[in-house]
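With the hints as constraints, model all of the structure from the sequences given.
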Amino acid sequence: MIDPSVLSLSAKALVRTVGDTRILDDIYLDVPRGQSVCILGRSGSGKSSLLRALALLDPLSDGFIKIEGNAFGRDMNAQGLVKHQTQAEIDQIRSRIGFVFQDFSLWPHLNVRDNISLAQRIVLRRAPLEINETTNGIMSKLSITNLADKHPGQLSGGQKQRVAVARALALSPALMLFDEPTSALDPELVGDVLALLLELKAEGMTTLTVTHEMSFARRLADRIIFLEKGRIIADGPPANIIDQSNDPRLKQFFKLI
Amino acid sequence: MQLDPTVITDSWQLFVTGAFITLQLSLISFVLGLLLAVPVAALSMSTHAVLNGIAILYLAIIRGVPFIAIVFIVHYGTATMGARTPAFWSGVIALTLFASAYFSEVIRSTVSALPPGQWDSGRVVGMSRLQTLRYIIIPQSLGPMIPPGVNVTIMMIKESSVISAITVGELTYQGLVVQGNTFAPFEVFITVALIYWGITLAFSRVAIWAERRIGASQRSIRPVGGIAERYLTLSRPKRRAEKS
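Chains as they are written, first to last, in this note's numbering: chain A, 52 to 308; chain B, 3 to 246.
There could be a bad hint or two in this list.
When the alpha-carbon atoms are kept at most 25 Å apart in a straight line, the in silico SDA-like pairs for lysine to any residue are as follows [stated by the list, open to error]:
(1) A:201 x B:122
(2) B:160 x B:122
(3) A:201 x B:215
(4) A:280 x B:130
(5) A:201 x B:160
(6) A:201 x B:60
(7) A:117 x B:216
(8) A:201 x B:116
(9) A:201 x B:14
(10) A:201 x B:141
(11) A:201 x B:121
(12) A:306 x B:160
(13) A:201 x B:144
(14) A:201 x B:214
(15) A:302 x B:216
(16) A:201 x B:137
(17) A:117 x B:131
(18) A:201 x B:117
(19) A:201 x B:134
(20) A:201 x B:204
(21) A:117 x B:214
(22) A:201 x B:133
(23) A:117 x B:122
Taking beta-carbon pairs under 10 Å as the criterion, some of the chain B residues facing chain A (in silico) [what the hints assert, rightly or not]:
(24) 113
(25) 117
(26) 135
(27) 136
(28) 138
(29) 212
(30) 214
In case anyone wonders, no lab produced these hints; they're calculated from the structure.
Using N, Cα and C, we set each Cβ at its ideal position, and we do this for glycine too.
Following this line, the structure appears as structure tokens:
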């Protein structure tokens, strides 16, 4: 089962600079397998940037990320030399990360089944039979089997999100990243999203979720990370961060929410 | 004023020959221009400073210079360097350069109009840049490329008339010949204009058909159409019911 001593994700000294601004400033983050992490912070604090960096979508200015033992960035070998990954290696690591975008970013020209199966075919090069089986399994798990032949333009927000989650899960990722999973949905769907994430958590999936929903963070997170100006200023179990923190910055934030 | 139809009926073969050569010029340059536009568009979207610079310079020159100058440079310029290109092929080269610049801008603008999330969503599942382009970006761009592409093609067909200046026997050139023989510019150039209009109209009908086909194969995307329909047709575009 899950061995919590194995790190799913490990980020060291991450820095991302755009112009003169340090969007991510010296981020250290170790996430053991199976942990549910919620990332909180004000708008512009770097939450989404951190998630994008961890998904290897944006280049790093410094530091490195290890995902399931595969390094990305300025990893040093035993001699202290910088190792560079080839583009193919980076693409390979990416396919191990499931990412659900805030706006879902489904592929509008493909139907739901093809949205879920495309990367299985061209990235993982699974056999057609296996693709069929995996896709059907994932669709029934997420109760979207009836949508298989629909195009994203014909789906509601909640349905789109389930398809986006299915597309990511179909690649059997090592960890799942969610960028504000509730922000593009009607408030009454927040409960559904939470249920879905709790189900993933129960199955032992490592998840990192950027969110504004405090109820969400309380019920889902094993651990909360609080970002400000690209730095992690608090890191711990929800009870410590939300209710008992003495840090005035955190107090103010939770009072506002 | 009296219009004399015999001016046209006596020389109809010349108009047919001219129209045929105009079609040849346009068709060959259309295909070559599209082919050349793809690498130009790729360079103009490249993040590599030098490659990008080459594309920017190319586009600035072709788009910033009158077409007739391009025609003369290609035809007479290459001749002075010892390359004697037949006038027809000089015309094809000039028109291809012209079309490639505008087609490449159509490609670039359509591709960059897609939400950036579409690139990210391809990359994040482990697709390479090329795979993302092939499976995600291009299929979504083809439909939206048609209306501005039609625009460029129609412009190109009309611009081919300039090639008469290097004595290629296309439609405008034949018009000038008939006019020289008959001193009836009004009859002659109304006929020439009608033939150009007929050619562009026929082309836009083909484009509407293509647009509908691509639109139908991508149900999710707003059914394209309408824009091509507006060009050079006499009927107003019909509103199609859109399913949302």
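**Request:** Any hints from earlier that this structure breaks? Give me their numbers in increasing order, please.
**Result:** 2, 4, 5, 6, 7, 9, 12, 15, 20, 21, 24, 26, 29, 30
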